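Starting from the known structure of chain A, arrange chain B on it as the hints suggest.
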Amino acid sequence: MPGSGSLSDRRRLPRVVLGAVLLVLLAVGAGGAAASSGSVHAEISQLTWGVPQTIRSLDYTHSGDPGTASVVFLAMEPLVKYDAQGHLRPDLASSFSIRNPTTYVYNLRKGVKFSDGQPLTTADVIYSLQQSASKKNGSELATFFGSVKSMTATGPNQVTIKLKGPNPFFRYSLAVTPIGEKAFWSQHLKDIGTPGVMNMGTGPFKFVSFTPDQGVTLARNDGYWGKKPSIQNLNLKFITDPNTLLLAIRSHQVDGTFKVPQDQIGQYKSLSGIGVSLVPEQLAAYYSLDVEDPPFTDIHVRRAMAYATNKTGMVKAVLRGYGQPAPTMPPPQQWGDLMSQAKVRSLYASLPQYTFSLAKAKAELAKSADPNGFTTTVTFPDAHPELGKALLVLAQDLKSLGITLNVKQVPISQWLNKLYTHPKPMGMQVGNWSVDYPDPADALSLIYPSANATKNSFNTANYKNPTMDALIAKQNNSVSESARAAIIAKALRLAATDVPYVPLWYQEFAVALNSKYRYSNVSTWYEYQPWAEDISPK
Amino acid sequence: MSHPHFARFIGRRLVAMAAVLVAMSFVIFLFLYLAPGSPEQILLGPREATPESVAAIRHEYHLDQPFLTQYFLWAKNALRLDFGRSIITHESVSHEIVQRFRFSIQLAGLAFGFVLLVGVPLGLFAASKRRTSVDRSIVAFSVAGISAPAFATGLLLLYLFAVKLAWFPVFGQGSGFFGRIWHLALPAIALGLTAMGLILRLTRAGAATVFDQDYVAFARARGVPRRRILVAYVLRNALIPIVTASGLILAYLIAGAVLVETTFALPGLGSLLVEAITNKDIPVVQGLAMLIALTVVFINLVTDLVYLAIDPRIAFEAAHA
Numbered sequence: 257m258p259g260s261g262s263l264s265d266r267r268r269l270p271r272v273v274l275g276a277v278l279l280v281l282l283a284v285g286a287g288g289a290a291a292s293s294g295s296v297h298a299e300i301s302q303l304t305w306g307v308p309q310t311i312r313s314l315d316y317t318h319s320g321d322p323g324t325a326s327v328v329f330l331a332m333e334p335l336v337k338y339d340a341q342g343h344l345r346p347d348l349a350s351s352f353s354i355r356n357p358t359t360y361v362y363n364l365r366k367g368v369k370f371s372d373g374q375p376l377t378t379a380d381v382i383y384s385l386q387q388s389a390s391k392k393n394g395s396e397l398a399t400f401f402g403s404v405k406s407m408t409a410t411g412p413n414q415v416t417i418k419l420k421g422p423n424p425f426f427r428y429s430l431a432v433t434p435i436g437e438k439a440f441w442s443q444h445l446k447d448i449g450t451p452g453v454m455n456m457g458t459g460p461f462k463f464v465s466f467t468p469d470q471g472v473t474l475a476r477n478d479g480y481w482g483k484k485p486s487i488q489n490l491n492l493k494f495i496t497d498p499n500t501l502l503l504a505i506r507s508h509q510v511d512g513t514f515k516v517p518q519d520q521i522g523q524y525k526s527l528s529g530i531g532v533s534l535v536p537e538q539l540a541a542y543y544s545l546d547v548e549d550p551p552f553t554d555i556h557v558r559r560a561m562a563y564a565t566n567k568t569g570m571v572k573a574v575l576r577g578y579g580q581p582a583p584t585m586p587p588p589q590q591w592g593d594l595m596s597q598a599k600v601r602s603l604y605a606s607l608p609q610y611t612f613s614l615a616k617a618k619a620e621l622a623k624s625a626d627p628n629g630f631t632t633t634v635t636f637p638d639a640h641p642e643l644g645k646a647l648l649v650l651a652q653d654l655k656s657l658g659i660t661l662n663v664k665q666v667p668i669s670q671w672l673n674k675l676y677t678h679p680k681p682m683g684m685q686v687g688n689w690s691v692d693y694p695d696p697a698d699a700l701s702l703i704y705p706s707a708n709a710t711k712n713s714f715n716t717a718n719y720k721n722p723t724m725d726a727l728i729a730k731q732n733n734s735v736s737e738s739a740r741a742a743i744i745a746k747a748l749r750l751a752a753t754d755v756p757y758v759p760l761w762y763q764e765f766a767v768a769l770n771s772k773y774r775y776s777n778v779s780t781w782y783e784y785q786p787w788a789e790d791i792s793p794k
Numbered sequence: 061m062s063h064p065h066f067a068r069f070i071g072r073r074l075v076a077m078a079a080v081l082v083a084m085s086f087v088i089f090l091f092l093y094l095a096p097g098s099p100e101q102i103l104l105g106p107r108e109a110t111p112e113s114v115a116a117i118r119h120e121y122h123l124d125q126p127f128l129t130q131y132f133l134w135a136k137n138a139l140r141l142d143f144g145r146s147i148i149t150h151e152s153v154s155h156e157i158v159q160r161f162r163f164s165i166q167l168a169g170l171a172f173g174f175v176l177l178v179g180v181p182l183g184l185f186a187a188s189k190r191r192t193s194v195d196r197s198i199v200a201f202s203v204a205g206i207s208a209p210a211f212a213t214g215l216l217l218l219y220l221f222a223v224k225l226a227w228f229p230v231f232g233q234g235s236g237f238f239g240r241i242w243h244l245a246l247p248a249i250a251l252g253l254t255a256m257g258l259i260l261r262l263t264r265a266g267a268a269t270v271f272d273q274d275y276v277a278f279a280r281a282r283g284v285p286r287r288r289i290l291v292a293y294v295l296r297n298a299l300i301p302i303v304t305a306s307g308l309i310l311a312y313l314i315a316g317a318v319l320v321e322t323t324f325a326l327p328g329l330g331s332l333l334v335e336a337i338t339n340k341d342i343p344v345v346q347g348l349a350m351l352i353a354l355t356v357v358f359i360n361l362v363t364d365l366v367y368l369a370i371d372p373r374i375a376f377e378a379a380h381a
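These protein sequence lines are chains A and B, in that order.
Reading the first sequence from the start, the letters are residues 257 to 794 in the working numbering.
Reading the second sequence from the start, the letters are residues 61 to 381 in the working numbering.
So here's chain A without its partners, still in its complex pose:
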């Protein structure tokens, strides 16, 4: 067919320019950008906050992760709360006392009202604690209440909790258990915490709306018993893509966020009009070596691995310097009430350190049954790429010892499955342990007791040492803080000598906030505190 083009009248064709089509489409409804967060004098009419995850529910007993806590604890309060240093302070209980190692007494604050105007009573407190402790309901907090014998009202404003036996952690459980209104909760038992129902608490804010995968809006609770926050309306937006969150903050459509990824902290710092503060995170990265699985049965192999672990290099390369190498499991701030930070520092400096040295690693390996090295495999969860990067650093250093470490990524569900089912042998396992309480015995009683070298427990090293078990039991049964601190220090020294676990680092987390606002006292325990009440206009 000869040149069909010659028959066409080119001039009558619409002159479509590629870009023009796009531009017309793009211009549809192009109004002004979202005007967020206008501040009026000492008040903030609206603050928009980016939450880097989605939350499942506003019912903390069925969505008991720290991210949900950071939302729920704005509107619901516990009996006692952590202060910025992790010390327990009165909250809904105006005072509390430990009568003896198994009897805890809480006196309720008078004049506290739920956001619907109903007064707080002992019935609300007991009901909330019972729901949180209920294994039958599948409460995710039930573990915290495993040692409870009874919870009763012993006065019009007094609740007494008796334990089956001494448990030094129990007092912290009440700082992570929000109290709700009994009438509301029992009326909505099946769907409490879902978008249509939400939840009812006494906190400085109250829930206004909850849209799954979008966010939660809260308003100031004008009937709040404590100090009135500056923020009138708080708009929490779930933005899971870190790049999108960065752009949203950069364009000031979102005012602030917690937990900026380590590799983006630098970018956030360079944004104009955005302030970044760094706070230690209550998290320790570590790996475990199954002491019942050769070659890790040999302490010289474990020590060689520890010496070959370049913690300082990992902090620099993987965390971009936002963290500290970890000589032992508990992050220093976890000592809370037990020991001053200065004493913690000197204790940590006195522990066996295994400072990175390939020469020492080689010497240790030479003493072992496998002087020429071996091959082993480790998997890391896809949700924690930083662990994968750290393992690759380790694999590189182990090469020079003749040890081949194969690093494999698995879905987090598969990684959790191994953790729970505890197959034998466990081999090498990597983990990111997030602390439960401001108490350094937390890690001890989680990963070191012989009894925990089993299904559903996390002694992934299968470490069994009667001395360690005795130390853990001894501090459990002691109520004297100084005695406990001394025993725990001894146990941590033993742990560092036997190296079933190699702690890697404690990381820092960054809070980014529009410079129009001030956030006083950013706390490492913010998730369990009504953190937004500390944000005010500059």
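It is worth saying that the hints were derived from the structure and are not from the lab.
Each hint should be verified, as a subset may be incorrect.
Claimed, not checked - When the alpha-carbon atoms are kept at most 25 Å apart in a straight line, the in silico SDA-like pairs for lysine to any residue are as follows:
no., chain 1, residue 1, chain 2, residue 2
1, A, K369, A, R355
2, A, K746, A, S734
3, A, K420, B, I102
4, B, K224, A, G529
5, A, K680, B, K224
6, A, K664, B, I102
What the hints assert, rightly or not - These stretches of chain A come out as covered by chain B in the derived footprint (C-beta under 8 Å, 3 or more residues):
no., stretch
7, 393-404
8, 456-467
9, 505-515
10, 662-671
11, 779-787
Owing to the predicted nature of the structure, the values given are computational and were not obtained by experimental measurement.
Positions of the beta carbon are idealized from the N, C-alpha and C atoms, including for glycine.
Frame of chain A; chain B shown alone:
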């Protein structure tokens, strides 16, 4: 096609659809059952769990029952359109899915509009200008569209139009009709760009062949207006492959938008599906699979009906086969 033929055609389709749904639900249930990990481990996370709390969660969701019992318990309720509650959020599955579906349809609709309104005219235009530099630049544009991954285009669009120019919001879904369109414009373009490139190329290829046909030359010789030649002669004859591809594309836009949904923080079906699979939230995965299968089957049915409308010869052949 006469009425009895038509009824038989639809009837056959419905039976096939039911069979597909049953087979699919079983296979998906089986795969989730076999995959490593278990919902209670994800619920509890890496924290100490008492055997009782693990057992309580397993019992609540029948995870302690044998596989077939679990499946039949699900199927029995599903027949009554009760898809149960999500293990992870405790929300009713139907409720959760319907909300997401409504949103995904809007996003997909907007993206689909972009795909057709940009892809088809540009394809026709390129075909009419074959072997010129205009044609070549349009083709280059379509190649770029096909090759650019949606999350990258999304971030680029966000950077240019939401951050630099501040014409559009960075995230969120907006409220009201215009608010929604304003919020969904960038995601829809990012989502539709690949498909747009594909439709553009299909249209160009189809139209190029038709342009070479004698009847087009005759129409031109008869002085038929150019616009009419383009629409009634070229486009209509080139339309069958475009419609076929459009059906597939629409299904993909509805269920496969996960990257765009994540980039723009939007609550669509794609991200729900990925989340539910990661969390082994079996009731939600099953509910979604049923909905997506229904959507695909429905779109295919509509596509076939559209064929009949475009090309009566197909109806004639079907009736006399």
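Query - Structure versus earlier hints - violations, ascending order - result: 1, 3, 5, 8 and 11
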